[in-house]
Amino acid sequence: MKIKLLFSGLVCIAFLFSCASNKVNAPDIEKNNIISQTNVTDTTNENSTIQTDSSASALELINSSLNNTFLEQTIHKPLTLYRALNYNKDTTVWDTSDCKIGKSTFSCNHVDRYDYSYGVWDGFYDDDEMVWDSSRKKIIYDTTYIDINFGKNALVHYTPVTEIPKLDREAVAKALSKLSGEACAQIFKFRSNYNLEVIGLPGFSWEDQDALMFGFDAYIDRDDSGQEKCSVQGARVQYTESSHYSIVYSRSLPEQLDIKTLQFFNGTLNTYQDTTISWKLVYIDQYHRADTLDITTKFEYDDSESSKIKFSGYYKGDCYDAIKPSKCK
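Residue numbers for the sequence shown follow the numbering used here, beginning at 1 and rising by one.
If you are wondering where the hints come from, they were derived from the structure by calculation, not from laboratory data.
You may find that some hints are simply not true.
Claimed, not checked - Straight line, CA to CA, 25 Å or less: simulated DMTMM-like cross-link-like pairs of lysine to aspartate or glutamate:
no.: 1; residue 1: Lys324; residue 2: Asp285
no.: 2; residue 1: Lys316; residue 2: Glu300
no.: 3; residue 1: Lys229; residue 2: Asp302
no.: 4; residue 1: Lys100; residue 2: Asp168
no.: 5; residue 1: Lys327; residue 2: Asp285
no.: 6; residue 1: Lys152; residue 2: Asp98
no.: 7; residue 1: Lys174; residue 2: Asp321
Said to hold, decoys possible - DEER-style ranges, computed between Cβ atoms:
no.: 8; residue 1: Ala173; residue 2: Ser117; range: 23 to 31 Å
no.: 9; residue 1: Lys178; residue 2: Ser252; range: 35 to 43 Å
no.: 10; residue 1: Ser117; residue 2: Ala154; range: 41 to 49 Å
no.: 11; residue 1: Lys174; residue 2: Tyr87; range: 29 to 37 Å
no.: 12; residue 1: Asp210; residue 2: Tyr87; range: 17 to 25 Å
no.: 13; residue 1: Thr240; residue 2: Val93; range: 37 to 45 Å
no.: 14; residue 1: Ser326; residue 2: Ile75; range: 24 to 32 Å
no.: 15; residue 1: Ser278; residue 2: Tyr114; range: 43 to 51 Å
no.: 16; residue 1: Asp223; residue 2: Val93; range: 46 to 54 Å
Glycine included, each C-beta is placed from N, C-alpha and C at the ideal position.
Make a model of the complete structure from these sequences and hints.
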């Protein structure tokens, strides 16, 4: 009997606690009811309204509606750009602030700077006609192009071309008349305003030193079968890259004068001793205009050179500098 009375008492206490709880939470329920009756305008139909029974659902719909409203906001901005043909008849595009236009001539110059941190690009530049701004509004540029030197509305009839110094053919032929015949090695360095190619010397090549941070070098490696081979590739130099660095890109009309530092390699395993070979040097300017020069070279090699210590990415030997001849004497 006592057990039954105790059980009944506990049930009553639980019932009273439940009622008290409901009274305490009543204000929150009222608040939730207020929120649940909020009207949300559907952006796809101005006359329609959405009424929800749940406060969570209402908030989700409000957020969704607001997000859609931002995404649908479009801003049109006018943009004027110049277009010009270069020497190779390629169309180039410029900001109006990039160009100076005279009565019969013009010039343009543009510089972009990009900052990097730990390999991550910090800067941002976008040539696209559509971008997003910080408020998530879509911006469309209504672009108007002004043609500087082509088309029926051309402002001037002029094509900017940079003047490229002529190559001293006699001096070049003399500089290349005697070279080292060392196998798998750099044997010459050439600095000028031209790109170079070789005809008539199989396995020899010109490499652009500035294409890689430490230029090129030649290495005797072994292939899968264990046979020796000569590999001309980027210099194997260990270095630690700076965590913060910048890269600057510039372009102009007329174009800036190219300066090329080229490394000449014997990319074979053949050593040339007291050997004379006639071959052709092809030189090409930045406008792809090319000419050839007949070269006769006497290759010489002293076996004692093989005992010298060499440092990868470092060359101290014969060279020719068409821009500053005093650097190679």
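Problem set entry | Pair hint lysine 174 and aspartate 321, alpha-carbon separation not exceeding 25 Å | Between lysine 174 and aspartate 321 the Cα gap is close to 13 Å, so the pair holds against 25 Å.
Exercise. Between serine 326 and isoleucine 75, does the beta-carbon spacing fit 24 to 32 Å?
Worked result: violated (59 Å)
Exercise. Is the straight-line distance between the alpha-carbon of lysine 324 and that of aspartate 285 25 Å or less?
Worked result: Holds. Lysine 324 to aspartate 285 sits at ~18 Å (cutoff 25 Å).
Exercise. Range hint 46 to 54 Å: satisfied by the CB atoms of aspartate 223 and valine 93?
Worked result: holds (47 Å)
Exercise. Do the beta carbons of threonine 240 and valine 93 sit within 37 to 45 Å of each other?
Worked result: holds (38 Å)
Exercise. Within 35 to 43 Å or not, the Cβ separation of lysine 178 and serine 252?
Worked result: Cβ of lysine 178 to Cβ of serine 252: about 39 Å, so the range 35 to 43 Å holds.
Exercise. Between lysine 174 and tyrosine 87, is the Cβ distance one that fits in 29 to 37 Å?
Worked result: For lysine 174 and tyrosine 87 the Cβ distance comes to about 31 Å; the hint holds.
Exercise. Would the pair lysine 316 and glutamate 300 pass a check requiring their Cα atoms to be no farther apart than 25 Å?
Worked result: It holds: about 17 Å lies between the C-alpha atoms, which stays within 25 Å.
For this session: Just tell me: holds or violated, for the beta carbon distance of aspartate 210 and tyrosine 87 against 17 to 25 Å?
Result: Cβ of aspartate 210 to Cβ of tyrosine 87: about 22 Å, so the range 17 to 25 Å holds.
Exercise. Straight-line Cα separation of lysine 100 and aspartate 168 no greater than 25 Å?
Worked result: violated (34 Å)
For this session: Could you say whether the range 41 to 49 Å given as a hint is met by the Cβ separation of serine 117 and alanine 154?
Result: holds (44 Å)
Exercise. Are the Cα positions of lysine 327 and aspartate 285 separated by 25 Å at most?
Worked result: holds (22 Å)
Of the numbered hints stated above, those contradicted by the structure are hints 4, 8, 14, listed in ascending order.
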